[in-house]
Amino acid sequence: MDYRNRFLGTTLPIVAFLLLLFSGGGAAKQVIPLGKVAHLFDIQSTPDGPLSLPSDVAVASDNRVYIVDGGHHRVLAYGPDGEFLFSFGKRGRAEAEFMWPLGIDVDKAGLVYVADKENHRIQVFDRDGQYQFGFAVNNKDGTPGVPIDVAVSAKTGLIFVTENTQHRILVFDTDGTKLGGWGKQGVKQREFRYPGSIIVQDGDVYIVDILNTTIKIFDERGQYQYEVGEWGVLPGQFYRPKGVAIDSQGSIYVTDSYMDVVEVFDKGYKFTHVLASGRQKHKFHAPAGIAIDGRDRLYVAEMLGNKVSVFKLR
Amino acid sequence: MFVRYLLIAVLLLAEPLLVFDDAEARTIAAKRECSICHIMWLDDFQRPNVTPLIPYDPNPVMNSGRQDVVSNERNCFSCHDGFVLDSRFVWQNKRYSHPIGVVPSDKVELPTMNEAEMRPELNLFPLNKDGKVYCGTCHSAHGVDWKQDASPVFLRAKNIESSICLNCHRNRSTGPKGGNHPVRKKLDSIPAELLDKGAKFGKDNIIICQSCHRIHGGRDEKVLVASNKNSALCGKCHSDRYARDRIESARMGTHPVNIVSKKVKIPQEIIDRGGKVGERGEIICQTCHRPHLAEKKAAILVKRNSNDSALCRTCHLKEGRVRETKHNMALQEKESKNIRGQKVSQAGVCSACHLPHSGNGPKMWAREIGNGPEKISRLCLSCHSRGKIAEHKQVGSISHPLGRNMSRLGVTVKLPGFTDAGLKKTGDMKGKVSCASCHDPHQWDPEDPDKSSKPGDPGNANNRFLRMANRGSSALCRACHKDKAEVKGTKHDVATMDVPAKSKGGTPGLCKTCHLVHKGKGPRLWAKEPVKGVDPISSICLSCHNKKGLGKKKTVGEHSHPVNAPLSNLGIVSSDKGWVIGTEKKPDERYKNRELKALPLFDAKGRKTARDGQVTCASCHDPHRWSAASKPAKGAALTAEGDATTSFLRIPNSQRAELCINCHFDKGAVALSKHNLAITAPEEQNSIGQKARDIVVCFNCHVPHNAGGAKLWGRGFGPGGDKAESMCRECHQDDGIAKNKQTGENSHPLQANIKKAGGRTQLPLFNKKGERRDSKSGGRVSCPSCHDPHQWDPADPLSQAGADAEVEGGANTSFLRMPAAPDGALCIDCHRDQRWVKGTDHDLRVTAPDAKNLRGETVQESGICQQCHMVHNAGQALRLWARKLGPGQDINAQMCRGCHDEGFIAAQKTPVMKNHPAEVKAQNLQRRARRGPVRGFTPLFNEEGKSANTGVISCPTCHNPHRWSPVVMEYGAGENIEGNSRSSFLRNRSKLALCSNCHGMDALFRYKYFHGQSSRRQHQLYR
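Residue numbers (this note's numbering), protein chains in the order written: chain A, 1 to 314; chain B, 10001 to 11023.
If you're looking for bench data, these hints aren't it; they were derived computationally from the structure.
Since we're looking at a predicted model, the values are computed, not measured.
It is possible that part of the hints are untrue.
Stated by the list, open to error - Some chain B residues close to chain A (C-beta under 7 Å, calculated; not the full set):
1) L10042
2) P10052
3) G10082
4) V10084
5) Q10092
Said to hold, decoys possible - Straight-line alpha carbon distances no greater than 25 Å define the calculated DSS-like cross-link-like pairs of lysine-lysine that follow:
6) K184/A x K10031/B
7) K283/A x K10094/B
8) K10414/B x K10263/B
Said to hold, decoys possible - Not everything, but these chain B residues come out facing chain A in the computed CB check (under 7 Å):
9) M10040
10) D10044
11) N10049
12) T10051
13) L10053
14) I10054
15) S10078
16) D10081
17) F10083
18) R10088
By construction, the Cβ of each residue, glycine as well, lies at the ideal position given by its N, Cα and C atoms.
Same shape as in the complex, but just chain A (with noise of 0.2 Å):
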């Protein structure tokens, strides 16, 4: 590239943006597109008193409803409908005990997992929250990794969790048997800045990249497919990515923990709309994890809101 080539190239836009920013005074505004949503319930109580920052959801194939509670170091279980089941688990690091949870997933045969994040493993219960197995999440060099999500494939049954310490996403065999995994800290397209949630749905596995403000999609052996997002505040764009979920017309669902919005793409990737309440954009409070069940509900871990807000799709 020679220095003319250069020149334009740089030159040109710069003229042209500020061509644009002095002539645009008639343009109209662009309008959000929002797409509204059903609320149909909180859940926000537990006999034991109110929630404490819940930061994931996951739904099983029976809507059994699991919660992180993180503040309280437990994981809480709801029926279809909201009703309270039982929680399991509390601060400790012995066997079925946590500290400060952060992600769970549930896979096909309802077993529950749980990323034990500051116990440094993944924890296994069944649906009835009976301890069942856990295993270390360590990182290449021996270290303890810092999980902070967990999903299960239901083609392969292999875990993928994801470790913000070497920002990478490892994977376990269905017994905890660690096969390998990818990702360093970085800007590239095998690469993280704090990956988040996991889900992994058929056959692909969408990782949130925080501070590279995109969803990641990948394969389940590890190869960059495509990613979603960009960083910024205009719709379609994340500040603070922090949960990912699919419906089942294959449509994504992100939050975004700083502007409370959830933000939705087309199965082809492209933004579509904001979740809406009315006429206005749904106002999370801090959102975190998020789910979908096999009824197009949607579950939103609000973690300021202290609460689990349930939407119907459609």
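Assemble chain B onto chain A, guided by the hints.
Same frame as chain A, but now just chain B:
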């Protein structure tokens, strides 16, 4: 619009020139990195034709005030929510975080930047646009090096061992001398619970600000790392001083916390000085201690407590008066030191004896604990013991008991007792007696608590650190000993006596005249020298009731009710449950429904004891109560002569003798018999001139004191071989009130040795003095051997059939100890060899049930023995014969033939030759006259019919009328059967048999010839 389209075209043309490789496209611009926090720096907020998802607001008004958006907590949380970094604890318990949105108080010194940074006018820790503290005051991504390990949290300054805290809170790091909790002090160990809650400690376990405070995620006010409700946080490290109730306090020797004292009200001064109380007004650590900004050199106390114990006395107002008494060590013993080695001048008046922390056991005792039976008393004895500083004020070896349960008093008292843990208990009977029950060591004079005293000041019953004045009516003593208060105004109230009582050791008072609380002379804290030679309790009674004593008019005499005697002699078992008749294994069925009132018994040291206690004066007498029945009119108890219902008796003694029969329960039936002289001789007087109609039934014959002899005899003595007989014959003699009931000339022998009758009996025997003794100790038969003068009917003690002067007794009544009819049980209890007569032909129930003796009684009425023998008033002296005599050549034959002869009841058992030839006088050489008859010896009889060495052969020579067979010792068959040579009431077999001595082998044939009609006829030798 044209311009716009033109520009778009230019951009499209230039697009191919915008050549970036992939790596360059993902390179994060510095501006973007800044925008991770500085969101409002994003250009999209400035573009007119786009609509950001959030509005442009660079300085929003937050809950902490107006400030840069970058420092608002939502921005922080968007990363610190656990997904990037994890500071969820900050939001989990947000109410206990370092305050934001507040203007710094004047206690905070905000440092400015130093000169080197060229901005000395700027705060190192900036406030927000409203001048308030906000997140950005302490935090900034541009603060210290991110890689600084000790300060990785975007702080504006390094935080080495809480150094950042001290930038502003410098005045809280000055240590105890500066009025602050120590920092940088090394701990031996760190409570794991604190670490678990997020507390931090410096290198080598030193205390830092964050050891107690957690700036974010705290759990209590003042951003404390754990709840400090009721000083719980303080207690984590100071567990040895965290006594959460009085029991722990007493155990740990430290001031209690978490209690609400009824006695001590936290004064407002304490609160004004920064002291705090718990939610319900409890005293907590912070009531006395102020961990920050306390008065300087006050050891972080809310008030200096140095040499005058000012802080202690702020709450403990009453106890503070000790300063003016001789218990102030500064007055008493300046140089003595407490267990911390401090003199009173260093420790203060209170801490000379009490240390708020690290004391010795209860009351946080600051001195070595002495020996004693009870915890609180040991504190007192730590000084009031030999070799200690109050050696001259000891209590002596006989002192008021300590450690006794207050419940023994049976009533609630307003003086305190103390538990085993050393806790004061008042009014619930749960404590034990201690020195401090009577003494309040903090006030010299209970009536004037402010009154001062100094060493050497004489004490009296009104001061001496007593809880109540005790002079005069002994109010202090009576506070507990309420049941003793009735002594006032009685003859035992020495203050009312004509003769002034002099008790050793002090001014007389109602109680003190007789009792000395300390340094007593004998049991019961007796104030006089006790009399020696009797039991301890009686000894103190006799110290007055002797010929020279105050009670000389009321002595007990030589013959008085026994003391120091066990109840078991009377068949009573005494235990803590009360008195019962007989043992559990062997109850006395006759008295199973009889309830006895437990009277006090005493052990060998004069202590009350129910089990195995002894009878003493105080068993019957309550020296503090003139009358148990009713309260006498004022003064009456002083002047009246006592009777059986008063006289300090524990149970009023009416005619029915309730007090006497409470022990002598088996004697009570006398009231229902003709031996109750109130029935049979009401005008009869006892030895002290009391008429029977007026007195206790027992007193007719017995008086408990000053009696005339054994059995506390209260009457004169009649004739008799021993005193027991004499007692009976006092009445049963010719001029006695029972002259109609005499025994006659022919009566059962008295003073006889039971040995002659068989050697053993369960009936009582008596010596010459009338005292009960066994036969080996000189006991002989006397009237009361067979008679129990206290019960008419031995089978039914409650029978009233004998309560009539005219009623005639029978063999089953007549005050007999056991029935004599029909089996003759009473007789054969001594005459055991005669018992085999039962069921034989000589048991007239078998052969002649309708026959009558001389008294006209059938065998059923008289019993089997008295058909032939009459115990009293018999027809013959010989054998006390009770039947008519028959014909015969000697008296023995006449007795036999009174039945065995024609016309009598045994006519069919009459031998043809009715007498052995009278001219035959035999001599039995084998008889040992001195030693009595040889067993098996066939007796001869003299002219009087008595057994003799030489005499006639009579019926009993060959026959033993009481035993059917000489071969088998057994009762008769109960039917009339024909005898043979092995039965027929023949005497025992003997090779020395008298018949064969004379008649050789012909003896048997002769016998059969002369005794059997059929044999005499048929045998060839005698045809």
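Here's how the hints hold up against the structure:
{"no.": "1", "hint": "L10042", "in the structure": "holds, 6 Å"}
{"no.": "2", "hint": "P10052", "in the structure": "holds, 4 Å"}
{"no.": "3", "hint": "G10082", "in the structure": "holds, 5 Å"}
{"no.": "4", "hint": "V10084", "in the structure": "holds, 5 Å"}
{"no.": "5", "hint": "Q10092", "in the structure": "holds, 4 Å"}
{"no.": "6", "hint": "K184/A x K10031/B", "in the structure": "holds, 23 Å"}
{"no.": "7", "hint": "K283/A x K10094/B", "in the structure": "holds, 22 Å"}
{"no.": "8", "hint": "K10414/B x K10263/B", "in the structure": "holds, 15 Å"}
{"no.": "9", "hint": "M10040", "in the structure": "violated, 9 Å"}
{"no.": "10", "hint": "D10044", "in the structure": "holds, 5 Å"}
{"no.": "11", "hint": "N10049", "in the structure": "holds, 4 Å"}
{"no.": "12", "hint": "T10051", "in the structure": "holds, 5 Å"}
{"no.": "13", "hint": "L10053", "in the structure": "holds, 5 Å"}
{"no.": "14", "hint": "I10054", "in the structure": "holds, 5 Å"}
{"no.": "15", "hint": "S10078", "in the structure": "holds, 4 Å"}
{"no.": "16", "hint": "D10081", "in the structure": "holds, 6 Å"}
{"no.": "17", "hint": "F10083", "in the structure": "holds, 4 Å"}
{"no.": "18", "hint": "R10088", "in the structure": "holds, 5 Å"}
Violation of the numbered hints given earlier is confined to hint 9; every other hint is satisfied by the structure.
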